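Colleague: Residue-level listing of the chains:
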Amino acid sequence: MSMTTTNEMIGQTPVRRRFGASDLIGLGVIVALAIVGYFLFPNNLALLTRIIAIALLVLSLDLVTGYCGVATLGHAALFGAGAYAAGIVSAHYGINDPIAMLAFGIAAGAVAGLLCGAVILRAHGLPQLVLSIALIHLFHEFANKASSWTGGSDGLSGIAPSALLGLYEFDLWGRTAYVFGVVLLVLVFAILRLIVRSPFGMLCRAIKEDPVRIRSMGASPKAALMKMYVISGAVAGVGGALNAISTQVVGLDSLSFTMSAESLVMLVLGGTGSLFGALTGTIVFMFFEDVVSAANPFHWLTMVGALLIAVVLFAPKGLYGTAADFLSRRREAK
Amino acid sequence: MQTVLSIAIDALAYGMVLFVISIGLSVTMGLMRVVNLAHGAFAMIGGYIASYAARDLGLAYGFAILLAVFGTILIAIPIERLLYRRIYGAPELTQVLMTIGITFCIIGIANYVFGPTLKTVPLPAQLQGSVDLGFRAIATHRLFAILCGLAVALALWYAIERTAFGVKLRASVDNAAMAAALGVRTQIVYAVSFAVAVGLAAFGGVVGAELLPVEPYYALRYMVTFLVVVSVGGAGSIPGALAACLLLGGIDTTGRYLMPEFGEFFFYLAVIAIICVFPRGLAGRTKG
Chain R
1 MSMTTTNEMI GQTPVRRRFG ASDLIGLGVI VALAIVGYFL FPNNLALLTR IIAIALLVLS
61 LDLVTGYCGV ATLGHAALFG AGAYAAGIVS AHYGINDPIA MLAFGIAAGA VAGLLCGAVI
121 LRAHGLPQLV LSIALIHLFH EFANKASSWT GGSDGLSGIA PSALLGLYEF DLWGRTAYVF
181 GVVLLVLVFA ILRLIVRSPF GMLCRAIKED PVRIRSMGAS PKAALMKMYV ISGAVAGVGG
241 ALNAISTQVV GLDSLSFTMS AESLVMLVLG GTGSLFGALT GTIVFMFFED VVSAANPFHW
301 LTMVGALLIA VVLFAPKGLY GTAADFLSRR REAK
Chain Z
1 MQTVLSIAID ALAYGMVLFV ISIGLSVTMG LMRVVNLAHG AFAMIGGYIA SYAARDLGLA
61 YGFAILLAVF GTILIAIPIE RLLYRRIYGA PELTQVLMTI GITFCIIGIA NYVFGPTLKT
121 VPLPAQLQGS VDLGFRAIAT HRLFAILCGL AVALALWYAI ERTAFGVKLR ASVDNAAMAA
181 ALGVRTQIVY AVSFAVAVGL AAFGGVVGAE LLPVEPYYAL RYMVTFLVVV SVGGAGSIPG
241 ALAACLLLGG IDTTGRYLMP EFGEFFFYLA VIAIICVFPR GLAGRTKG
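Same order as they appear, the protein sequences are chains R and Z.
If you read the first sequence in the numbering used here, its first letter stands for residue 1, the second for the next number, and so on.
If you read the second sequence in the numbering used here, its first letter stands for residue 1, the second for the next number, and so on.
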């Protein structure tokens with residue numbers, strides 16, 4: 001079975017130029033969507049910025065789950081580490097420059113990625129899953145108890161980012177934060193497209209398919225996965241820092257198991273192993289959540305559950321994967 | 001000395017409740033290789049049914065337990081036929097998603113039907129109060145939970161090691177294809193073990209209702225604990241699960257008594273340490 005999937009994978013992704021037309025189209029679609037969102041929901045930019053921050057988390061989860069095949073239910077640890085690092089340097093050390101806060105967020109995310117990777121990659125299958133769950137609870141408890149640093153269950157407040165590049169203040173409407181978020185997302189997306197296409201990215205996919213074969217070919221699966229985990233941590237750190245800067249508060253929920261599980265749901269809804277899938281899933285899920293959970297938070301849980309079951313049964317490749325399959329089949333038929 | 005004793009009794013009772021609930025998960029996981037995150041939800045359903053039967057209908061405690069066990073099995077049968085059947089042998093991620101989805105649905109429905117409040121299962125007069133052991137008095141309910149755990153462990157040991165069904169079960173765990181080729185009807189073995197697992201979960205949910213209070217988020221809150229027990233003990237191993245339950249129950253209870261501030265913290269730290277040292281569980285075997 002693994003042979004056919006490997007062949008399928010090679011068939012689907014022929015070796016292309018480093019940065020092809022499809023990438024430019026993808027970036028164009030993101031920017032166009034961002035502009036449409038800006039004009040459609042001028043009063044709800046905070047929600048759009050949050051969607052971007054979560055999208056960064058889901059992208060980072062896609063790197064380890066979709067491309068490396070590591071099942072984790074604790075990915076919010078990296079996101080929360082980035083958010084708390086950006087918040088703490090602002091609230092406790094007076095480093096209020098958004099770019100510097102972002103840098104601290106990225107660094108903290110990468111360190112958390114290194115830590116989580118070192119623990120999670122020690123096991124496979126169920127123990128791996130349990131390790132990731134134990135880790136996210138450990139991070140959560142730690143942040144809860146170190147309340148002099150993190151504000152505990154009250155959340156970390158007192159984050160006051162100064163003007164971006166000294167020019168653009170973070171206004172009440174969240175315009176600056178939104179544009180900042182869109183720019184970050186476009187940058188991260190472009191870099192990730194390069195990474196997943198690079199020989200290193202292909203190596204990671206190959207490890208997902210058949211680690212034994214890769215080891216016998218002379219590459220170290222563990223080293224490659226660790227590297228990917230650190231990259232993933234940095235991406236999640238960008239998302240966390242963006243969330244801290246835009247909302248100016250960091251709560252314990254950014255380190256919660258629920259957050260980790262929801263990000264996995266978003267990824268699978270969109271389709272694993274594809275950056276566009278991660279983005280699609282996040283946008284659909286977050287809008288859905290905004291509409292339904294406003295009505296009744298408990299029906300929301302039932303809906304998410306039903307949605308998950310439906311995706312697993314009827315669209316195991318996710319929304320984007322199913323749509324892409326459908327399009328390519330039609331093209332072949334012509 | 002008093003503290004040590006009360007920690008030991010509480011740890012034993014807690015560990016036994018954990019054992020009763022998670023042994024079913026361990027057996028089905030070893031047998032069908034399904035990462036079933038919805039196991040706690042079945043324990044929760046058992047708790048709700050017992051609470052409804054004993055408190056609102058005024059039935060006797062023993063009858064409430066029976067109703068809970070069989071009611072939960074009845075509820076689980078269509079779920080198994082319609083949903084679990086499709087994920088046997090699927091990749092782990094698919095199984096996790098499907099069973100988390102089921103858990104979320106059950107939580108939402110339980111909350112809608114029974115409301116967000118905590119439900120109690122009223123104890124009969126015989127189980128209230130305490131028993132004097134000569135050197136020390138312990139709550140009767142704790143003793144009852146411990147005895148139930150021991151009884152379940154003994155019964156399972158007998159069923160698996162000494163009966164014809166146990167032989168078929170062990171054969172299917174070791175090599176399902178070969179067992180089927182030799183005439184074992186593995187589908188029936190699967191169905192029976194799933195039903196027993198769900199029934200035991202419901203039983204544990206009722207007996208442990210004093211220690212693990214029944215409320216809508218029960219399924220999510222203790223899901224982790226049950227999974228941890230199975231992966232620490234090694235899927236499919238009864239002695240492993242028993243050892244894991246007593247060890248983790250001990251760590252958790254001791255942490256709660258001595259350092260209530262950091263109880264959870266040490267529990268998860270211990271879990272990570274144990275899994276890192278024994279990646280296949282305490283009694284784990286290499287995959288055949």
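Treat the hints with care, as some may be off.
Quick partial rundown of chain Z residues pointing at chain R, CB under 10 Å, derived from the structure [to be verified]:
(1) Leu83
(2) Pro216
(3) Ala235
(4) Ile238
DEER-style ranges, computed between Cβ atoms [to be verified]:
(5) Leu123(Z) with Leu114(R): 46 to 56 Å
(6) Leu123(Z) with Asn96(R): 54 to 64 Å
(7) Gly166(Z) with Ala190(R): 53 to 63 Å
(8) Arg86(Z) with Arg331(R): 52 to 62 Å
(9) Phe70(Z) with Gly125(R): 53 to 63 Å
(10) Met178(Z) with Arg122(R): 23 to 33 Å
(11) Arg331(R) with Phe114(Z): 25 to 35 Å
(12) Leu114(R) with Asp132(Z): 51 to 61 Å
(13) Leu47(R) with Arg85(Z): 33 to 43 Å
(14) Arg331(R) with Ala164(Z): 50 to 60 Å
(15) Arg122(R) with Ile77(Z): 35 to 45 Å
(16) Phe63(Z) with Leu33(R): 53 to 63 Å
(17) Gly125(R) with Ala125(Z): 40 to 50 Å
Covered by chain Z, per the in silico footprint, the following chain R stretches (three or more residues, Cβ under 8 Å) [to be verified]:
(18) 61-75
(19) 120-126
(20) 138-144
(21) 265-276
(22) 316-325
Honestly, the hints are just simulated from the structure, not real lab data.
Predicted model only: the values in this text are computed from it and were never measured.
We put the CB at the ideal spot given by N, CA and C, even for glycine.
Colleague: State for each hint whether it applies.
Modeller: Cross-check of the supplied hints:
no.	hint	in the structure
1	Leu83	7 Å, holds
2	Pro216	8 Å, holds
3	Ala235	7 Å, holds
4	Ile238	17 Å, violated
5	Leu123(Z) with Leu114(R): 46 to 56 Å	50 Å, holds
6	Leu123(Z) with Asn96(R): 54 to 64 Å	58 Å, holds
7	Gly166(Z) with Ala190(R): 53 to 63 Å	59 Å, holds
8	Arg86(Z) with Arg331(R): 52 to 62 Å	30 Å, violated
9	Phe70(Z) with Gly125(R): 53 to 63 Å	33 Å, violated
10	Met178(Z) with Arg122(R): 23 to 33 Å	32 Å, holds
11	Arg331(R) with Phe114(Z): 25 to 35 Å	52 Å, violated
12	Leu114(R) with Asp132(Z): 51 to 61 Å	56 Å, holds
13	Leu47(R) with Arg85(Z): 33 to 43 Å	39 Å, holds
14	Arg331(R) with Ala164(Z): 50 to 60 Å	58 Å, holds
15	Arg122(R) with Ile77(Z): 35 to 45 Å	38 Å, holds
16	Phe63(Z) with Leu33(R): 53 to 63 Å	60 Å, holds
17	Gly125(R) with Ala125(Z): 40 to 50 Å	47 Å, holds
18	61-75	holds (count 3)
19	120-126	holds (count 5)
20	138-144	holds (count 3)
21	265-276	holds (count 3)
22	316-325	violated (count 1)
Going through the hint list in order, the structure does not satisfy hints 4, 8, 9, 11, 22.
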